[in-house]
Amino acid sequence: MLYREAGQFKTSYATDQQIFPIRQDRIGVTALALFAFVVVPLIGNQYWFSAILIPFLIFALAALGLNILTGYAGQLSLGTAAFMAVGAFAAYNFVLRVPGMPVLVAFVLAGGCAALVGVVFGLPSLRIKGFYLAVATLAAQFFVVWALVKFPWFSNYSSSGVITAQKVTILGFDFDTPVSKYLLTLSIVALMALAAKNMVRSAIGRAWMAVRDMDVAAEVIGFRLMRTKLTAFAVSSFYCGVAGALYAYAYLGTVEPEAFTLDMSFRILFMVIIGGIGSILGSFLGAAFIVLLPIFLNIFVHAANGVLQSLFSLSLPASITSNLELMVFGGLIIFFLIVEPHGLARLWQIGKEKLRLWPFPH
Amino acid sequence: MSHRNKLVAWLAGAALGLTSLSAAAQGEQFVPLLSYRVGAYAAGGSGIFGGYIDYMNYINMKEGGVNGVKLAWEECETEYNNSRGVECYERLKKKGTGATMVQPLSTGITYSLIDRVAADKIPMVTIGYGRTDAADGRVFPWVFPAITTYWSQASAMIKYIAKREGGEDKLKGKKIVHLYHDSAYGKEPIGVFQEYAKRLGFEITSIAVPHPGNEQQSQWLQIRQIRPDYVILWGWGVMNTVALKTAQRNGFPREKMIGVWWAGSEEDVIPAGDASKGYTTAVFNVAGANLPLVQDVKKVVYGKGKGNMEDVSRVGSVYHVRGLVHGIITVEAIRKAQEKYGKGKVMTAEQVRWGLENLNLDEARLKALNASGMMPPLKMSCADHEGSGLVKFQTWDGNQWKIVTPDWVAPDKQMIRAMIEESAGKYAKEKNITLRDCGKES
Chain E
1 MLYREAGQFK TSYATDQQIF PIRQDRIGVT ALALFAFVVV PLIGNQYWFS AILIPFLIFA
61 LAALGLNILT GYAGQLSLGT AAFMAVGAFA AYNFVLRVPG MPVLVAFVLA GGCAALVGVV
121 FGLPSLRIKG FYLAVATLAA QFFVVWALVK FPWFSNYSSS GVITAQKVTI LGFDFDTPVS
181 KYLLTLSIVA LMALAAKNMV RSAIGRAWMA VRDMDVAAEV IGFRLMRTKL TAFAVSSFYC
241 GVAGALYAYA YLGTVEPEAF TLDMSFRILF MVIIGGIGSI LGSFLGAAFI VLLPIFLNIF
301 VHAANGVLQS LFSLSLPASI TSNLELMVFG GLIIFFLIVE PHGLARLWQI GKEKLRLWPF
361 PH
Chain X
1001 MSHRNKLVAW LAGAALGLTS LSAAAQGEQF VPLLSYRVGA YAAGGSGIFG GYIDYMNYIN
1061 MKEGGVNGVK LAWEECETEY NNSRGVECYE RLKKKGTGAT MVQPLSTGIT YSLIDRVAAD
1121 KIPMVTIGYG RTDAADGRVF PWVFPAITTY WSQASAMIKY IAKREGGEDK LKGKKIVHLY
1181 HDSAYGKEPI GVFQEYAKRL GFEITSIAVP HPGNEQQSQW LQIRQIRPDY VILWGWGVMN
1241 TVALKTAQRN GFPREKMIGV WWAGSEEDVI PAGDASKGYT TAVFNVAGAN LPLVQDVKKV
1301 VYGKGKGNME DVSRVGSVYH VRGLVHGIIT VEAIRKAQEK YGKGKVMTAE QVRWGLENLN
1361 LDEARLKALN ASGMMPPLKM SCADHEGSGL VKFQTWDGNQ WKIVTPDWVA PDKQMIRAMI
1421 EESAGKYAKE KNITLRDCGK ES
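Protein chains in written order, with the numbering used here: chain E, 1 to 362; chain X, 1001 to 1442.
Please note: incorrect hints may appear among the correct ones.
[Unchecked claim] Computed beta-carbon distance windows for the label pairs: (1) X:Glu1063 - E:Leu326: 34 to 40 Å; (2) E:Ala195 - X:Lys1198: 50 to 56 Å; (3) X:Thr1205 - E:Ala139: 47 to 53 Å; (4) X:Lys1431 - E:Ala14: 49 to 55 Å; (5) E:Ala139 - X:Gly1167: 45 to 51 Å; (6) E:Arg206 - X:Ser1218: 47 to 53 Å; (7) E:Phe35 - X:Ile1270: 51 to 57 Å; (8) E:Leu96 - X:Ile1270: 43 to 49 Å.
[To be verified] Think about it this way: if two alpha-carbon atoms lie no more than 30 Å apart in a straight line, the pair counts; the simulated DSSO-like pairs of lysine-lysine are: (9) E:Lys150 - X:Lys1245; (10) X:Lys1175 - E:Lys150; (11) X:Lys1277 - X:Lys1170; (12) E:Lys167 - X:Lys1095.
[Claimed, not checked] On the chain X side, residues computed to face chain E include the following (Cβ under 8 Å): (13) Val1038; (14) Glu1077; (15) Glu1087; (16) Glu1090; (17) Gly1108; (18) Tyr1111; (19) Ile1114; (20) Asp1182; (21) Ser1183; (22) Lys1187; (23) Glu1430; (24) Ile1433; (25) Thr1434; (26) Arg1436.
It is worth saying that the hints were derived from the structure and are not from the lab.
Ideal Cβ placement from N, Cα and C applies to all residues, glycine included.
Chain E extracted, bound-state conformation:
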């Protein structure tokens, strides 16, 4: 009843092509943005900013990057964490070695470095696809981490190969409190998500999807495979690189190459799969599922254990609660994949369709 587009007429091309064609969606997204930019900084506390919201946003950005490559252009990649590592270390070196380098410019350049590395490791995609390509990008994962450890120049000759992010100062303002870091991350992520949404609606996005659906057909109708695939790798790696830089500068502050393991690449791939392949919203939903759910499970298991303790004065051993959380998490992943193989984004879409009919289904 509330969610119905009856009476909303499109009278110009501009209105026909806008991102959110339904008015209710526009209102919802604006409200969400206002909430995230204005209300959250007012009501949130340090724990929420620095332990929950910032990592969620950063991983959402990385998932978005991978979604462009895997979801829109159909190229499977296991090198996401490596591209993030390139971003983090490149940003560090730009700020360190170029005097007076503004941090935001360093982030963009770091994304550019990651894009270059991504293009290099994307070259095999011209000849191989699917699982074979996944193996080729796996090489990126191992090579980048190895190179960052092997050549001490990258970490400014730190004995343990660990870098410490410099202070983030933009136009004289120090981003050193959790709130300011959250707002910085949120602005960058929102901007880049908007850019991604527009990219996938434009010619380049349609080219990616054509290649994803059938690359031979795409080539026959005139898409240049090499350019299309490599731009997908470049854009995707750019997003991952910026996410990596934020991971170092806005989140952890100190990072080692080992933090960007294959495990992290897999986690980001799972975010894309669970959130929804080929969906911008899905990247955010998937990141929320993988990053936030284990934390809430952990808090819930702790609370449940506390109840057991206070009511029956018996408590589960810590090893069991720790493992319980992993089991429930794994079970939920399987549950969601069975119930909705196309991811949480598809679930949301189905929900919207139902809402359109509600409360008078046919």
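Dock chain X against the given chain E, drawing on the hints supplied.
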């Protein structure tokens, strides 16, 4: 409907439990535990955190807490994952009366927390891991790599080898291989070894083993070609077991293999069977079920069924005793702080930091704690956050670890300290940190 009712009841109960838990923490000294009991590192995590909790229980049960202030704690599973560790830290740091100190037991999480603990003014104690140059308390006021660091250990290892060979001059022309886990952890001592090789005239070859290290055939082939006099094993987890087995297959005597303290637990050598016999490692804590403190913990804590270790046979193992050492340092720092800021009061994190910087666990104090010989004497100061550097060496005889150096082996403190100050100075310059003036602080 009944299901829904149950769920509501469950949630309400959960909320109730949460509030009652935090209420219970008032008036108690709260210690956050960033533990890990799942995943590849679970053996170390469950043993050390088990020992840590056992010791805090022991103090609560035997003495009614530190001068009457009971210790309270809460575990949070980090899975040895940096971002989960940060989340746990942020969640627990304000709990109860506020976090006393944090011991993340993971080098990665340590690095992620260095800036945060400085901002939150909570001391972080990293015993035998973490950032080596944080031992310079003038640059890192909130980080305490207590007892010993990787660099001190590398130095102590060379000293131990020299002693076995009959003097440092005997090392000239010898060949030593440093077989390491290819990570920040494994690479950390390379500089120290190279410095020593230059000074003493031996030849050092560092050979990397990629993570996780379950395939080392080519590395050992290289070792066979070098024919080294000693192999220093700087490994972790499965890599240690595989190294021992591969050494046996290649006919390299295990008596000539010296391991680091993360390669010297029962969990490392028992799976390798008789291949580990004769293998020696460094330790900063002695193990054994017959240690007086372990016996007492068994009697007081396990006797009442409050023990944290599920497998009671692991009580007194290397990891478990290491956990007791973590507990001792926590409790003694609080006790020291209470001496200055008021006995029987809950200490703030800043006061506990003073306690850590003035901690002096000399032989007499250790004896009073029933821990004489179990851990080295420890005396930290404003500038020196390491405080000891002493290690012992233990050999696996097939059934248990036997200490082969009755006295503690000291590193070359002067050389290591100079390296630490150089590295910390570089960090301070990069981050624009002004050094603390330790002469001015009491």
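Each hint tested on the structure:
1. X:Glu1063 - E:Leu326: 34 to 40 Å: Roughly 37 Å apart at Cβ, these two residues keep to the hinted range, so it holds.
2. E:Ala195 - X:Lys1198: 50 to 56 Å: Given range 50 to 56 Å: holds, Cβ gap about 54 Å.
3. X:Thr1205 - E:Ala139: 47 to 53 Å: For threonine 1205 (chain X) and alanine 139 (chain E) the Cβ distance comes to about 27 Å; the hint is violated.
4. X:Lys1431 - E:Ala14: 49 to 55 Å: Holds: the Cβ-Cβ distance is about 50 Å, inside 49 to 55 Å.
5. E:Ala139 - X:Gly1167: 45 to 51 Å: About 49 Å separates the Cβ atoms of alanine 139 (chain E) and glycine 1167 (chain X), which means 45 to 51 Å holds.
6. E:Arg206 - X:Ser1218: 47 to 53 Å: Once the Cβ atoms are compared, 49 Å apart, the range 47 to 53 Å for serine 1218 (chain X) and arginine 206 (chain E) holds.
7. E:Phe35 - X:Ile1270: 51 to 57 Å: holds (56 Å)
8. E:Leu96 - X:Ile1270: 43 to 49 Å: holds (46 Å)
9. E:Lys150 - X:Lys1245: Judged against 30 Å, a Cα distance of about 28 Å means the pair holds.
10. X:Lys1175 - E:Lys150: holds (23 Å)
11. X:Lys1277 - X:Lys1170: holds (26 Å)
12. E:Lys167 - X:Lys1095: Holds - the C-alpha atoms of lysine 1095 (chain X) and lysine 167 (chain E) are around 28 Å apart, at most 30 Å.
13. Val1038: holds (5 Å)
14. Glu1077: Holds: closest Cβ of chain E sits about 4 Å from glutamate 1077 (chain X), inside 8 Å.
15. Glu1087: This hint holds: glutamate 1087 (chain X) lies near chain E, its Cβ roughly 4 Å from the closest one there, short of 8 Å.
16. Glu1090: holds (4 Å)
17. Gly1108: Holds: closest Cβ of chain E sits about 6 Å from glycine 1108 (chain X), inside 8 Å.
18. Tyr1111: At 4 Å from the nearest chain E Cβ, tyrosine 1111 (chain X) passes the 8 Å test, so the hint holds.
19. Ile1114: Holds: closest Cβ of chain E sits about 6 Å from isoleucine 1114 (chain X), inside 8 Å.
20. Asp1182: With a minimum Cβ separation of about 7 Å from chain E (threshold 8 Å), the hint on aspartate 1182 (chain X) holds.
21. Ser1183: holds (5 Å)
22. Lys1187: holds (6 Å)
23. Glu1430: Holds, because the Cβ-Cβ distance from glutamate 1430 (chain X) to chain E comes to roughly 7 Å (cut-off 8 Å).
24. Ile1433: violated (11 Å)
25. Thr1434: Violated, because the Cβ-Cβ distance from threonine 1434 (chain X) to chain E comes to roughly 15 Å (cut-off 8 Å).
26. Arg1436: violated (18 Å)
In this structure, the hints that do not hold are numbers 3, 24, 25 and 26, in rising order.
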